[in-house]
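A.B. asks: Sequence:
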Amino acid sequence: MNHRIIFVLSLVFYLSGCGINNIPAYDEQVSASWSQVINQYKRRDELIPNIVDTVKAYAKHENTVLVEVTNARSKVRDMQLPGDITSNKSAINKYQAVQGQLGNSLSRLLLVVEKYPELTSNSNYLALQSQLEGTENRIAIARRDYIKAVQLYNTELRTYPGKIWKSVLYPDAVLKETFTASDAVEKVPVVNL
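For the sequence shown, counting from 1, position 163 maps to 158 in my numbering; every step adds exactly one.
If you are wondering where the hints come from, they were derived from the structure by calculation, not from laboratory data.
Please note that the accuracy of each hint is not assured.
What follows is a set of in silico ranges between Cβ atoms, one per label pair, in the way DEER data are often shown [as the list claims (entries may be wrong)]: (1) Leu164 - Glu128: 17 to 27 Å; (2) Ser116 - Pro44: 41 to 51 Å; (3) Gly129 - Thr175: 33 to 43 Å; (4) Asn66 - Lys37: 13 to 23 Å; (5) Ser82 - Asn45: 18 to 28 Å; (6) Gly129 - Thr154: 33 to 43 Å; (7) Ala27 - Asn132: 17 to 27 Å; (8) Ser82 - His(-2): 22 to 32 Å.
Quick reminder that beta carbons are idealized off the backbone N, C-alpha and C, glycines included.
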């Protein structure tokens, strides 16, 4: 009887060190990283109304850009994210496209603002702009961390011994999708002087 207990304890100890738990651990890391991406996009979303209201007060005839930002924000808010978004390529691409439209609209808004020196010297606007820039940096970091987590998870599923553990213990584990460079990033900006 003692030999069986020792054998079982030895087997448990051996299996715990051979990567048997890597797949669920990496899956949890992907989920946590995705949650951070969503949190940072929500932070940006919450800043937008304040920025739009501040700009409206100064740039009343720049309605087109303000409406564009508001519409892009509405698209982001109205988008329903499926529960399997991290493994659903079309859903993650759609989410990325909607967030990209909002980012582009915000960029155009910030360019319009440069025409108004009294706005760019307003302390409220400067504080909001600083928060937005910080948030954009946080988004980039959260996306980078998510991409790394997906890379680690997908590598585990595609390589040994993870491939074995997937087939034996985690047959429902699927590869996760990641962000890709958008068309806007791939295009070289045109500078007109």
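A.B. asks: Evaluate each hint against the coordinates.
C.D. replies: Consistency of the hints with the structure:
1. Leu164 - Glu128: 17 to 27 Å: Given range 17 to 27 Å: violated, Cβ gap about 45 Å.
2. Ser116 - Pro44: 41 to 51 Å: violated, 22 Å
3. Gly129 - Thr175: 33 to 43 Å: Given about 25 Å between the Cβ atoms, the range is violated.
4. Asn66 - Lys37: 13 to 23 Å: Since Asn66 and Lys37 have Cβ atoms about 18 Å apart, the given range 13 to 23 Å holds.
5. Ser82 - Asn45: 18 to 28 Å: Check failed, 35 Å falls outside 18 to 28 Å.
6. Gly129 - Thr154: 33 to 43 Å: holds, 37 Å
7. Ala27 - Asn132: 17 to 27 Å: holds, 19 Å
8. Ser82 - His(-2): 22 to 32 Å: violated, 44 Å
Hints 1, 2, 3, 5 and 8 from the list above are not met by this structure, while the remaining hints are.
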